[in-house]
Structures are given as C-alpha cells and as structure tokens.
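Asker: Chain residues, written in single-letter form:
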Amino acid sequence: MLWMQETEQANVVVRGARVVDPSEGIDATLDVRIDDGVIARIGDQVDTNEHRVVDGSGLVLAPAFVDPHVHLRTPGREDEETIASGTAAAAAGGYCAILGMPNTDPVVDSASTLQSLVEAARRDAVVAVGFMGAITRGQAGEELTEMAELADAGAAAFSDDGVPVSSAGLLRRALQYSSITGRPLALHCEEPSLTRGSHMHMGRVSAELGIAGYPSVGESVMVERDLSLAAAEGQQLHLMHLSAAESVAALRRAREAGVRGSGEVTPHHLVLTDEAVRSLDPNVKMNPPLRSEPDRIALIEALRDGTIECVATDHAPHARHEKEVPFEAAPNGVTGLETAFAALYTHLVGPGLLTLSTLLERMSAGPARVFGLDRPRVATGARANLVLLDLDREWRVETFRSRSTNSWLIGETLRGGVVMTIANGTVAYQ
Amino acid sequence: MGTSIRLVHDDLRPPQPSTRRHLLSMADVSRDDVERVLGTARVFASSLDRAVKKLPTLKGHLVVNLFYESSTRTSSSFELAAKRLSADTLTIKSAGSSVDKGESLKDTALTLGAYDPDVIVVRHPQAGAAHFVSRIADAHVVNAGDGKHQHPSQALLDLYTLQQELGSLEGLHVAIVGDVLHSRVARSLVQAFALMNMRCTLVGPPTLLPEGLAESTTDIDAIRDADVVYVLRMQHERMQAGSNFVPSLREYTAKWGITPERLTPGQKVMHPGPMNRGVEIDPRVADCGDALVETQVRSGLVVRMAILYDLLVGGPVGVRALAAAEVA
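Note that the protein sequences, when read in sequence, are chains A and B.
Using this note's numbering, the first residue of the first sequence is number 15, and each one after it goes up by one.
Using this note's numbering, the first residue of the second sequence is number 2, and each one after it goes up by one.
Incorrect hints may have been included.
[Said to hold, decoys possible] Pair ranges (Cβ atoms, derived):
#, chain 1, residue 1, chain 2, residue 2, range
1, A, 210, B, 288, 46 to 52 Å
2, A, 206, B, 220, 31 to 37 Å
3, B, 166, A, 335, 47 to 53 Å
4, A, 413, B, 136, 18 to 24 Å
5, A, 181, B, 89, 56 to 62 Å
6, B, 92, A, 335, 23 to 29 Å
7, A, 52, B, 114, 58 to 64 Å
8, B, 208, A, 39, 54 to 60 Å
9, B, 31, A, 245, 51 to 57 Å
10, A, 335, B, 244, 30 to 36 Å
11, A, 318, B, 166, 56 to 62 Å
12, B, 114, A, 444, 40 to 46 Å
13, B, 261, A, 242, 19 to 25 Å
[To be verified] Some chain B residues well away from chain A (every beta-carbon gap over 12 Å; in silico):
#, residue
14, 28
15, 63
16, 99
17, 117
18, 123
19, 134
20, 136
21, 137
22, 147
23, 198
24, 252
25, 314
[Claimed, not checked] Some, not all, of what chain B presents toward chain A, calculated at C-beta under 10 Å:
#, residue
26, 125
27, 127
28, 130
29, 151
30, 182
31, 192
Read the hints as simulated data drawn from the structure, not as lab findings.
Note that the structure is a prediction, hence the values are computed from the model and not measured.
Where a beta carbon is used, it is the ideal one built from N, C-alpha and C, also for glycine.
Pulled out of the complex, with its shape left as it was, chain B reads as follows (with noise of 0.2 Å):
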C-alpha cells in the first residue's frame, strides 16, 4: 500500500487511582474524615491560645499556593495555617508569574512540581483544575475553590464554625439563600450537610436555583424554620445587563436581601466573605451578634492547619501528643 500505517504508541495510561490522599471534592470525604479533620483543628485552636503560636509539626515540608484567582481570605488562611505548623510555603498567583506568559496548568504544575512540594493548594476559574493538577503533581492536593464546583475547605471551616457554636450538627437546620447555581461554597456545603445528618433548604430566585441539588423554595420567608441561615454572595458579574438572572440588584435585595425583619431572633448568620453589605445581606445583619462571620474566618486558619496536618501526618491519634509536647 501506499501509505504505511502509523502506530501511535504513547504513554496513554489511563488515570491511576491514585494512593496519595487529596481533598479535591466533599464528594471524597467520609463522616469520619471530617469528624477527624475536626478534631485536630480543636486541638490546634486550643494551641492557637498560648504565647508562641507557632508548632513545629511540618517543619522541612513544602507547601504551595497556586491561585488563579483572587482571593484574600482562603490563600491568607492557607498560608498562614502551613507557617503556623512551620512548613515553607511558596505562593504563586496568576498575576505576574509566567500564567501571564500563556504558561499551561500542566507546565506551571510541573515546574512548581520540580521543588518537590509536600502540598499544592489550588484555586482556579475553571471546574476540574485541581482534579487535573492532582493528576500531574507528585504531592498532595487541595482544592481551593474550582470554578463554580466545589470549595471543600469551606464547608469543613463551616462545619467546625457550627460545632462550635451550637454543639451537635445533627438534624441542625441550615437555610442557603442566594445565587446557588454560581456558588461552589453552596455545592460543598449541601454534600457536607448530608453527611452529617442536617437538613439543608435552598431559598432564592428561580433563575438561581438549580435543580435537582436539594430541598429548594423560592420563598423567603422559609428561612424562618432555620437554625442557620448561610447567604451567599451576588456575583456582580452575574448580574451584569443581559444576563438576566435577575432583572436588577434592586430588586434581588428587596426580594431576597437578608434583613433583621426576615429573621427569628437567635438565629445564626453565615457568609463565605466577601460580603456586599447592603445587597445580600443588610449591615445591621453582617455586624449583629448572631453573624459567625469574623468566627468563620478565625475556623478558617485552625481547619486548614488540621487539613495539612491531616494530609500530611494522617490521623488524630498523634495530634494530642504531639500538640501536647511540642507546646510545652
């Protein structure tokens, strides 16, 4: 014949279920891992009170904040819990590294890949990220937020945040108002409410509310039966002319806004930050004693100290100890 026929041999192995442990997606993680995770960040938040803050637990590894998108709390919070464990970090973000130069995720992975981090923390606009980076880096990976999919740290901190402050999780009653089709926060958070056993009411337009995710209601005065009512952010960007998802901001706050009016007394406020004072929720809200959201962020730092711990040391059983006597 002609042509002679081309064998592509390639490396095309199929993805490897990899050994090494990752927190990509709530979807992941078990009731015990997140009792686990738990109970190291009590442990660390009880080491947070003394006068050296500082544990000496992952002293020579290497973590790594690679962040293509911003963010203040979750890269701050990252980087402080791996210095507070005395881990070396390295933060890169998008702005001014050579992602500006066109670089792929594949080729800034593995050239951060090569100092041989312990863990790479990733945030990134597009769904699937982390899982890919995962899938290329020798290191552990955290998913800081991907696209509109999932933002696990989140809902551990939150889950920790609603421990500590009303006890038990079970059969707690958590009412998410707000843009849940663009918000990861909302999709890790209804799988975290079920595996804990709480019941969890989505309140917001239509245009907002995707099907199918859990118990929804357009209706705002549902969130009256709730223990908790979590807001979420407005997107600006998703409300911009033509996009339609809501005919204006004006009308989003007078509809769904979160005001001392709409709720019980007792009630506890959350909000993933940053808040649009005055759009989704009403400033005599954000800053009335009910509101959890400067405790939100205090989780923040404790839980992801016990995520990298987690990730790197494993276990609960050392953690006491080692907390203990590394204090002492």
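Okay, chain A solo, but in the shape it has when bound (with noise of 0.2 Å):
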C-alpha cells in the first residue's frame, strides 16, 4: 500500500538523544541502533558495531511523521510537485510516509492511473508514499469508481478531496461498496449551496473586508450528515481538514455513539484564524477557510482529547504565478511538509497548549492507526521510522524543498528543526 525507492539500508547508531515514543511508553535518554534498516538494540552504551554515529545529545528522536493527505500534483501538474520533490518535502519535515491525493489531472479513478503512480513512486519516492483513489469517476459526484479494482491495486482509501461528495445517496452507495475493500473513506465536508462564490470564513472579518464568506455551518451541516449515514451503515470514515467547532462537536458526539469516525486536522487552522485575511495574503486563503478564535481553541481542545486523532498538513502546491493575484483570484491551498512539526511545535507546544506528546502522536501513530498503516515506532525489531528533532533549533522559513513556495509562513521564525529523517529503513534526510 506505500512505496519508495529501494536504497541502502541504514546502518547507524543514535546516541544519547532523548527517545520519545508516545506509544510505546518511552521518553527516556537512550541509544539505538539501527542495523541494515531495523532497530536492532535501544539501550544504554549500545556497541557501534563499527555504524556511523549521531549524537544525539540535546536532540528528540520519536517515530516520524506521518500524513494522510498531500496533493502531489502528479499526474498532470508536475510544475508544481513531482513524487520526487513531495516526499522530498516531507523527509525534510521528518515525515516517513504520505498519502497522496486523487484530484489530480487525470483523476486516479481507475488501476492503470494508480499503477503509473506506484511506478513513479518506486523510481522516484524518497519516504514510503501511498495514494488515495476517488469515490466517483472524475469526481464528478455520480459514478462509484472500481473500488475493489482500486484497491488491489494499492489505493489507500477512498476521497474525492477538493470536492463533497453531493448526493446522500450516493455517499450511502459508497460507504456500503467500499466495505469490500477495507479501506476508508476520506471525506471533504460541503455543502456547496451554503459556499458558492465564497473566498473565507464567514464572520465579522469577511463582513469588515467585504469578501463572501463560508459559514462554519456549511461545513458542520454535511458532517453531520456524513456521520449520520456512517452510522446508519455501520462503516469507518474519515473527516477531513475539520475547521469548525461545530463540526468538532459533532464527531465527538457521534464517537461518543460509537460511529467509527475519525478527524484530522491542519497545522494552519491550528495556528491562524481569518484575522490573518486582514492582510490579503493569498498564502492564507484555503478550502476550507481560516475561522475564528473560538474554532481555533475547539480544534486544538479536539486533538488534546483525541476527538481529532491527526495533523494532516493538506500540502496543496500551486504555481508561483497562480498565487500572484489579488486575494479573490488566487485558488485556495497552501503548503506545509516542511513546516508542519515546527509550526505546531512553536504555536501550540512553546505556549502549552499542546504537550510534545500528544503532538507526536497525533502526526504519527494516530495517522496511521486511521489508515490501517504500520506505525513508526520505537521498538527493537521494528524498521526504522525514525525522526531525530532539534526543539531548540530557530530557523527562518525562506527555502522549500517542495517545488512550489506558498507557504502561510515565508519569512517566519520558528522553533524546532529536523535533524534526520529515517524512512523505512532509509536515511532519508539529514
């Protein structure tokens, strides 16, 4: 279900860095190592066996990241992200596995599409990838793709991300079909009647500059809906990039009621409210929008008690030329693999609002718990997924390794750096 390219294997001793792993109960000063890829002895004093060695003093190392929903823009827009630039991206934001998603040009709604991307991946992926196939052909809402097809040929779960999927009808069809497969579906919750034309939150700020607005309820209404028919079918979902307190609400409810629904959310929506608009950024226009103070505190109330069990960074890259227009003209998206850990690690660990815990596994194991993933862990045995973090590394967000730069924080400082990032078994970045 991931793939990457076959490269050496690690062999490599981390010593002395502070071993966290949420998971498995670990946060301890400690040595690993890591023999042909697997950790092979975490310990005290650990030998070399003649491996090269890191000093980990001062530094963090946990299970790396995970993400459950990037736009590598391949096929069709390979100006803005390739296989190769995307994952090099997330090695460089210490993920070790991504899942990419099907809005692409054409839509991977068929095998051969997938099968082209998992060739690509194999040539070209730095950190294992993993690719979502739509719910309808084309995403246009109507038709349910081949889904048990689909799926033998590695897709990951099922989403028409960018788009809802309109028709109640058609969500039932989708959520009784896919259960063949085993693999979830990933919704995009709107309701496009409430949204159309819209370019931010609707609130006192959109009212203020003038500019139509999303209403949080546009979101929260087709959530709710969603939870409805997955409970009336008894089958997983997932919610994508939530934003709304009343959505928040709304799966805590229905997990209280025991539909298998899961959340994720972004680092910007966890950082920023639609008071970043004031400044007509388009860096800080995205779908769904940026909302307000109290949203912001639902959502990261929702990821302390793990109503909302991940970060996913929705990377959305676009062209250069394409973000340099007016705010109301440029299309909605921002990136963030290379900024995400640092981001939420400065806005929400520095102030207390998170603990360093809770953020490592809600951008690691619970990504991959939703998926069905093997989770990074710690663990003798294990193949290494490893990230070796600096907290204390400040750092100016100026140079991307993804091949487009909109990003919500060119130019900031930050806290918190990667160090190395080891995937499968593979030092992926240092």
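Using the supplied hints, reconstruct the complex from the two chains, each of which is provided in its own coordinate frame.
Answerer: Take a look at the structure:
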C-alpha cells in the first residue's frame, strides 16, 4: 500500500538522544542502533558495531511522521510538485510516509492511473508514499469508481477531496460498497449551496473585508450528514481538514455514540484565524478557510482529547503565478510538509496548549491507526521510521524542497528543526 | 540516494512594510490624516473659484488610472483632479487593453511601472487588487474600489461633503440604507464615521446586512432619527433570479425605498451613484434640495486633488502657500 525507491539500508547509531515514543510509553535518554534499516538495540551505551554514530545529545528521537493528506500534483501539474519533490519535502519535514490525494489530472479513478503512480513512486519517492483513489469517476459525484480493482492496485483509501460527495444516496452506496475493500472513505465536508462564491470564513472579518464568506455551518451540516450515514451503515469514515467548532462537536457526539468516525486537522487551522486574512495575502487562502479563534480553540481541544486523531498538512502546492494575484482571484491551498512540526511546536507546544508527546502521537501513530498503516515506532525489531528533532533550533522559513512556495509561513522564524529522517530503514533526510 | 534533493532558492522575501504611502483602506487612515486631507481639499476648492483653474503643483508627475471595472465618476474625477494639478495622466481601461488578451494584473502593473508613474489609481472587481499592486509597483497606490472591500476616496469625499454642509462631523448620525453586503462604499464609510466619532446605523433587508459591521436594523423607520440618510445602490446583478437576496426589486422598493414620506423634514440625503431612480430612491427625493448627490461629485474632485497632493507632496502647511502663490 506504500511505495518508495529501494535504497541503501541504514547502519547508524543515535547516541544519547531523548527517545520519545508515546505509544510505546518511552521517554528516556537512550542509544538506538539500527542494523540494515531495522532497530536492533535500544539501551545505554550500546555497541556501535562500527556503524556511523550520530550524536543525539540535546535532541529528540521519535517515530517519524505520517501525513494522510498531501497533494502531489502528479499526474498533470508536475510544474507544481512531483513525487520526487513532494517526498523530498516530506523527508525534510520529518515524514516517513504520506498519502497522495487523487484530485490530479487525470483523476486517480482507475487502476491503470494508480499503477503508473506506483511505478513512479518506486522510482522517485524518498519516503514511503501511498495513493488514494477517487470515490466517484472523475470526482464528478455521479458514478462509483471500480473500488475493488483500485484497492487491489494498492489504493490506500478513497476520497473525492477538493469537492464534497453532494448526493447522500451516492455516499451511502459508497459506504456500503467500499466495505469490501477494507479501506476507509476520506471525506471533504462542504455543502456547496452554502459556500458557493466564497473566499474566506463568514464572520466579522469577512463582513468588514467585503469578501464573500463560507459559514461554519457550510461544513458542519455536511459533517453531520456524513456521520449519520456512517452510523446508519455501520461503516468507517474519516473527516478531512476539519475547521469549525460545530464540526468538532458533531464528531465528538458521534464517536461517543459509537460511530467509527475519525478526523484530521491542519497546522494552519490550528495556528491561524480569519484575522490573518486582513493581510489579503493569497497564502492564507485555503478551503476550508481559516476560521475564528473559538474554532481554533475547539480544534486544539479536540486534538488534545483525541476526538481528532491526526494532524494532516493538506499540502497543496500552487504555481507562483497562480498565487501572485489579488486575494479573491487566488486558488485555495497552502504548502505545509516542511513546516508542520515546527509550526505546531512553536505555536502550540511552546505556549503550553499541547504537550510534545500528544503532538508526536497525532502526527504519527494517529494517522497510521486511522489508515491502517504500520505504526512508526521505537522498538527492537521494527523497521526504522524515525525522526531526529532539535527542539531548540530556530530557523527562518525561506527555502523549500517542494517545487512550490505558497507557504503561509514565509519569512517566519520557527522553533524546532528536523535533523534527520529515516524512512523505511533509509536515511531520507539529514 | 537516487533522487537529488533540489533546494528551491527563491526570492521569497516576505512582503516588506512599504515606506511609500498609499491610500488602500480607511482602516489605515487616522483622524489626523482625514483632517489634513479635508483641509487641503478646502484650499483647492477655493482655488477652483478662480478663472484659471489649473495649478502647477504636480507638474512633471505621472498619475496612471488603471480601471478594470466600468466607472464614470471615479475615473473622471481622478483624471480631472490630476489634470487640475498639472500632472500627466494615463487612463487604462480593461476593455481594449492587453488585459483583454489575458495579461495578468502583475504584468500590467509592471508594464505601467516602466513609465515610472508617481501614483497608480486602481479600480478592480476583486478584493485585494490595490494591495497587490502596491506590493509590486514602485508608486503610491490609491484604491479606487476593490471588489466589495474598500473605496476610501469615496468615504473621504463624503466626509468632506458632510463637513461642508453640516459643519461639524462630531456626533452626526448617518443611516446607511440598502445593500450593505455588496457595498465597498458602506464598508469604507462605517470605518470613516467611527474615526470621526459619528454614529452610523445600517438599515436594509436581513439578507443584505452583514453581521458585526455596525449597529443595524431591518426597520426603515429607523432612518427618522438620523441627520443624514445615505442611500446605497441596489445592484441589479445581485437581484437576478435565483440569488434570493430579496424576492423582487418591487418588494425592496416597497419596504426600503427612500420616499419623501419616509424622511423627516430637513434630513440630508446622499447617494454614491449611479442611482436607480424609482428603486432605492424615489425621484422626488433624488431631485429635492436636501439631496447632496451633485455636491458629492463636486467634492470628489477637490478631495481627490487633495489625496494626490497629500501622497506626493505631503503635509498641509505648504498647501496654502503654494495654492495662494501659484494662483496669484
């Protein structure tokens, strides 16, 4: 279900790092030795076996991150991102595995398109990458894709991301039919008749700016509908890029009632609010839009209590000329792979809104669990999927491995740097 | 590794706070700024009473008008304002220019920038257009209307009109009536009125009153308490079938149209134009002595002269001397 290029397996010892793996209950200063890409020893003063030694003192070694929501823009917009550049950006951000969204050109709605991506990933991907297939052909919201064949070809999940599945009847069929694949549906929740023509959150700021607003209820009404359908069908459902307090409340209620619903939230929704739109900077324009401070607080609370299990970047590269236009003319989307950890460490862990351990869990074990992927972990015998972090490093966001530069953090100084990423036993970044 | 990691070094300087002064939004304008510009406008107004109306003040300067939306009064007013101050002017309208050929706003702004304009006046259907031009062009930028966002020169000329007609602005109560939701004029006015310690009430159908902007009501009788009734244009394109902001223009007129019966004697009536007579404003109101619509247009000229002067020359001190000396 995940692919990357075959490269040299690491033989390395990380000496004296603070090892943090919330799922394994580890938080201690330890040595970790990796033999041929597999964690061989964890302990004090482990033998180096003549491996390269990385001095981990003052650093944190943790399970590498998993991003369930990345736009790799391939096929169709390789000028914006390729599998090589997107996975290089992921490695630089501490990710060992990412899932690509199917809203490409052509849409990933057939096994043959998916197979071509798998081949490209085997050739070019420097971290493990999986691909979602579309729920409907061409993401047109009318006919189901051949989900069984897509799953056999390796589809990690199904999504019409970018557009909602408008028809409740069709979503019900998708929930029923996709059950044979064992892969979840990942849903973009938006009621088009409430959001048409909008460019930002509807609220006081949109009223002042005179920019057509997307009300919170435009998302939450669809979240409630989709959770009701999941409950009725007894199927699993993943809600992507949640932004509104009302959506979070609906997800919490549904989970308490036993619905198998999960949710994700992006770094930009956790850090920014619609106040940022006053700058009219196209790099704070995305769908769903940045919402109000109470929404942001509700999202942080949901991440903390586990109602939302994953951080997802919704990394959405755009060509420079497409973003160099007035705010209302700009396309939705911002990049995020290279800045996600540092943004959240700086803006949530720093001020005490979230613990480091919870952040690490929601960026790694959480998304792996939701999508049924192997959990990156610090355990003897496990393939090495690790990230070495320097929590004290301050750096300025100004260069990118992504082909696109539409980051909401350009020029910002962040705390928390990635020193090394090991993905599937290979040193993918250092 | 099989793939070389390509570092994209790019000229990604974050937008630097510009040292150049622009007029982009009433949100950036201070009370001192307003008083200075209105003072300058009064000086220019007196100069317009002379036989020779042209002042040499901005001789050798270039003012470019970049209009992506149709406009009669704003574009003519800025053009004439620049000419009265002896600046060279270039007016570019989207129809018939390379904008028609798909040229981006960035490239159009860079192209015009090659002529070294001192001021670029921008009207554009999208919010943020003037801000965008101010980031790429090496000129003072005046926002002459961007989407439904801002129209600061209109707010300044309305303040000038009110001050000339009613004396002090302090404590004046203005009711803004109509389609506030789609009105950049209303947004700039709400900020301008707050800046000058005036009271503002928004009146209109609930679907056209955005929440949180200012005190608002759907009850048209609320206009009776106001010193001034500011009528907004009902835009026909907003009322197309299916948009459902109001059921019909007929019903709008019946509920919120400004008629002589709904006004209190002596109330002043303003409208930014163009008017839809018989829709938002009864023709008897439009033509009555208390309607200040033409005064607003006249104010537009001197206020825009003052805006250009303020951006390019600055301070009020020199104005009196200059205007007096040069007219003499």
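Asker: All hints, please: hold or fail.
Answerer: Status of each hint after checking the structure:
no.	hint	verdict
1	210/A with 288/B: 46 to 52 Å	violated, 40 Å
2	206/A with 220/B: 31 to 37 Å	holds, 34 Å
3	166/B with 335/A: 47 to 53 Å	holds, 48 Å
4	413/A with 136/B: 18 to 24 Å	holds, 21 Å
5	181/A with 89/B: 56 to 62 Å	holds, 59 Å
6	92/B with 335/A: 23 to 29 Å	holds, 27 Å
7	52/A with 114/B: 58 to 64 Å	holds, 60 Å
8	208/B with 39/A: 54 to 60 Å	holds, 56 Å
9	31/B with 245/A: 51 to 57 Å	holds, 56 Å
10	335/A with 244/B: 30 to 36 Å	holds, 32 Å
11	318/A with 166/B: 56 to 62 Å	holds, 58 Å
12	114/B with 444/A: 40 to 46 Å	holds, 44 Å
13	261/B with 242/A: 19 to 25 Å	violated, 55 Å
14	28	violated, 8 Å
15	63	holds, 23 Å
16	99	holds, 16 Å
17	117	holds, 22 Å
18	123	violated, 10 Å
19	134	violated, 9 Å
20	136	violated, 9 Å
21	137	violated, 8 Å
22	147	violated, 7 Å
23	198	holds, 19 Å
24	252	holds, 23 Å
25	314	holds, 28 Å
26	125	holds, 6 Å
27	127	holds, 4 Å
28	130	holds, 4 Å
29	151	holds, 7 Å
30	182	holds, 8 Å
31	192	holds, 8 Å
Hints 1, 13, 14, 18, 19, 20, 21, 22 from the list above are not met by this structure, while the remaining hints are.
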